[in-house]
Amino acid sequence: MDKACDIYAVGVGGQGIMRLSEALSRAAVKAGLEVRISESHGGAQRGGVATGHIRIGYRAKAPVIPARGADAVVGMEVLEAARSGPRFIRPGGVFLVNPISWPPLGVLTGRERLPAVEELVSALRKVAGRLYVVPATEMADRLGRRILANVVMLGALVECAILPFDARCLEDALMETVPAGTEDANREAFAAGRAALREAMER
Amino acid sequence: MSERDTVLLSGNEAVALGAYEAGVKVAAAYPGTPSTEILENLASYPGVYCEWSSNEKVALDGAIGAAYAGRRALAAMKHVGLNVAADSLFYAVYTGLGGGGLVVAVADDPGMHSSQNEQDSRQYARFARVPMLEPSDSAEARQYVKVAFELSERFDTPVLLRLTTRTSHSRSPVAVASAPAGVAGRGRPAVADPLPVPDPHARSAAAALAELAADPGKYVMVPGNARLRHPIVEERMAAVADWAETSGLCRTEPGDLKVGVVTAGVAYHYAREILPSASFLKLGMVWPLPRRAIADFASRVARVLVVEELDPFLEEALRLMGIEVEGKRYFPLVGELDPAAVRRGMAAAGLVAPAPSPCPPPTLPARPPVLCPGCGHRPIFYALRRLGTVVFGDIGCYTLGALPPLAALHTCGCMGGGLGNLQGALKALEFDASDVQAEDGTFRGRPVAVLGDSTFFHAGLPALANLAYNQGGGLVVILDNHTTAMTGHQDHPGTGRTLMAKTAPALDPEAIARALGVEQVATVDAYDLDAFLRTAREFLASRRPAVIVARRPCALKTRRRQRAPLVVAEACNGCGICLRLGCPPLLRDGEKVRVDPDLCTGCGVCVAVCPRRALTTEGGEG
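So the sequence lines, in the order shown, correspond to chains A and B. Final position of the first sequence in my numbering is 203; the numbers increase by one with none missing. Final position of the second sequence in my numbering is 1622; the numbers increase by one with none missing.
The hints are simulated quantities; they were obtained by calculation from the structure and are not laboratory data. Treat the hints loosely; a few may be bogus.
[Said to hold, decoys possible] Below, in silico cross-link-like pairs of lysine-lysine (DSS-like), each with a Cα-Cα straight-line distance of 25 angstroms or less:
(1) A:3 with A:30
(2) B:1146 with A:61
(3) B:1258 with A:61
(4) A:61 with A:30
(5) B:1328 with A:61
(6) A:61 with A:3
(7) B:1502 with B:1557
(8) B:1328 with B:1258
[What the hints assert, rightly or not] Which stretches of chain A does chain B cover? Using the computed rule of at least three CB atoms under 8 angstroms from a CB of chain B, they are:
(9) 159 to 170
(10) 184 to 192
[Said to hold, decoys possible] Non-contacting residues of chain A with respect to chain B, defined by C-beta distances greater than 10 angstroms in every case (computed):
(11) 3
(12) 69
(13) 82
(14) 83
(15) 90
(16) 100
(17) 130
(18) 132
(19) 133
(20) 138
(21) 142
(22) 176
(23) 198
(24) 200
(25) 201
Ideal Cβ positions, reconstructed from N, Cα and C, are used throughout, including at glycine.
Take these sequences, add in the hints, and give me the full structure.
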């Protein structure tokens, strides 16, 4: 297996991009791999864009992924996935997208129009090798904890068979980052994400 | 100490670890992205005094004082913070420190993720005659801090440590003796069970100060003494340049001799990724430069390329050395570098193939950051827009008041700048032939200034003293959310708590304003739109210096819902006036307005703006 893997994660502040990056990078350390991640600070907490560059393996030491260089893009929000995902997804790369949109202020106040989710997803299909729609927020809601949408997405990502470590390793790493008392809920969300992707692959 | 465990640290956390391991005793900073986490993290280690100073100059003066007293000291700030502290940096270069090491960590923000400009702090190294080290990742950040202290003490000089957003805010592996359980990070040390690290100096602080007192020629920078110090500074820099040749901070990585890349900082990694086959000269010290090592490298390659972020700093220095170099001809002068920009430059230089064709960028609605639901700044900007005032703004979350639909903040330059602007604008208005503003009876076009509580303590105090004394006659609104919000909620002299988690008597902005000579001082609840409008009109009409403290704790910090979310009653006719608040839970829904109950904090500000009283708190419990 190629030990190098670049993942670009994008969403809106509050969707857990930092924790997602943290879990992936800790899993890489556990697997004995070099890893660098780059985070966005500041504006994300105030309704702005949140991004994470996760670079695993010895391909490179730069903390930012090159243009069209990401093996996978994780889009936690479809508008942001559509905005910057195409810049990073490599030809033939895997695109995971959570089919929800958080309207920015210009849309809320009626000054701008938000394209339909389906419209944005179908545009992304054209740039990705494989695209899977993972209804992570909806699934996390069903589990009673919307904030676990990022963990659902991690479960889905590990099933794409592109990460240089296995699901067990990622789950263990994830558990090191979660607040005490939420372990079971996190495991459940992780498992739900894995199942959802297996199901999507069969379709 | 054998190092077996690996922790992932941000550059800022690595600087904190390095400073702790170097035996730093006193560290001071004012929060500023991307530098903030250095002090936040350093405060988690035992045996280090850490302080949020009221501004960067005060922080640096404090660190210089600790170094004068023979202890290792650190000051940290963002690039524009070094402008505030520049006066202090320059005198410390002349006096030296007398044995205590002094490192100034300065974090630049290429691309302006969270800044008003993208100045290149390397220019300060040349300008002030200070050695500057620039790490490219977290492991180097930790190592270079220690080298910087040794350098500082060896040559009796402050040393600058330059970081950038990508070195400060990216995480990479650092080897430690024992990793802590859980996640190292903000407020958590990077080693398990840290113990206080002794300062390497045997001298007591009292002994160091006694030596200082016995040497006025070195520490009293009156012209007669300073004239004798300047040549020492120039000789010192020549000596540091010699040292740089063999310091080990300058690394040659042999490769293809057709192209030699000279680079430093995070740009090194970008260049290495895009052109792995080239020869590299990676500079860990970016000022003064190891001239012989550079000349030797340049003589062995056919073509010298400089890859650096922002200014052509190394490029110009190499050119002055008589080396033929290429740099900004291919790489952007403006903005942050990334692998894509470096590839474009390398492709333009004919060294690599261009990147796969980029996908055309879709046209999508922008997502700027917004004031949070329940933010106390929102009603103030709504009110100022209604008054029609010209608002001199400042640096903080409230700068977001400039964005539509509020669009009620009209300048933002630097910390504390708006108050001085207000004074000058008011004096300029006095030259207008006729006072239109008095004649039409409104406050349209009248200038006012707003600034936050942390900014008030940072740079507002001298400006307010000036405004009051020179009778500016202006209105100053202090947006008091009881924290330094934009950088992630740090304490300041108004919060009653220090970085060492001790309580302290909180300073009172109203009492300070009165003490500075402002006679009209009022406090309003920032949610009370009517009270604010009433007070502002009264003060503006008086044309005498006035301060309103508009107070509400930061909504992002309190985070919990204060009251039940609002509901929209039948009476809503969709006029959209409430949408002018730009509050995220309020959204247009067909012919009406809807409230997102998950986002609404129940602050009730929109209740006061709705002419039909269609927004109510009735009908739901939160």
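Verification of the supplied hints:
{"no.": "1", "hint": "A:3 with A:30", "verdict": "13 angstroms, holds"}
{"no.": "2", "hint": "B:1146 with A:61", "verdict": "23 angstroms, holds"}
{"no.": "3", "hint": "B:1258 with A:61", "verdict": "23 angstroms, holds"}
{"no.": "4", "hint": "A:61 with A:30", "verdict": "18 angstroms, holds"}
{"no.": "5", "hint": "B:1328 with A:61", "verdict": "23 angstroms, holds"}
{"no.": "6", "hint": "A:61 with A:3", "verdict": "14 angstroms, holds"}
{"no.": "7", "hint": "B:1502 with B:1557", "verdict": "19 angstroms, holds"}
{"no.": "8", "hint": "B:1328 with B:1258", "verdict": "19 angstroms, holds"}
{"no.": "9", "hint": "159 to 170", "verdict": "violated (count 0)"}
{"no.": "10", "hint": "184 to 192", "verdict": "violated (count 0)"}
{"no.": "11", "hint": "3", "verdict": "15 angstroms, holds"}
{"no.": "12", "hint": "69", "verdict": "7 angstroms, violated"}
{"no.": "13", "hint": "82", "verdict": "6 angstroms, violated"}
{"no.": "14", "hint": "83", "verdict": "5 angstroms, violated"}
{"no.": "15", "hint": "90", "verdict": "8 angstroms, violated"}
{"no.": "16", "hint": "100", "verdict": "13 angstroms, holds"}
{"no.": "17", "hint": "130", "verdict": "16 angstroms, holds"}
{"no.": "18", "hint": "132", "verdict": "19 angstroms, holds"}
{"no.": "19", "hint": "133", "verdict": "18 angstroms, holds"}
{"no.": "20", "hint": "138", "verdict": "15 angstroms, holds"}
{"no.": "21", "hint": "142", "verdict": "16 angstroms, holds"}
{"no.": "22", "hint": "176", "verdict": "6 angstroms, violated"}
{"no.": "23", "hint": "198", "verdict": "29 angstroms, holds"}
{"no.": "24", "hint": "200", "verdict": "23 angstroms, holds"}
{"no.": "25", "hint": "201", "verdict": "25 angstroms, holds"}
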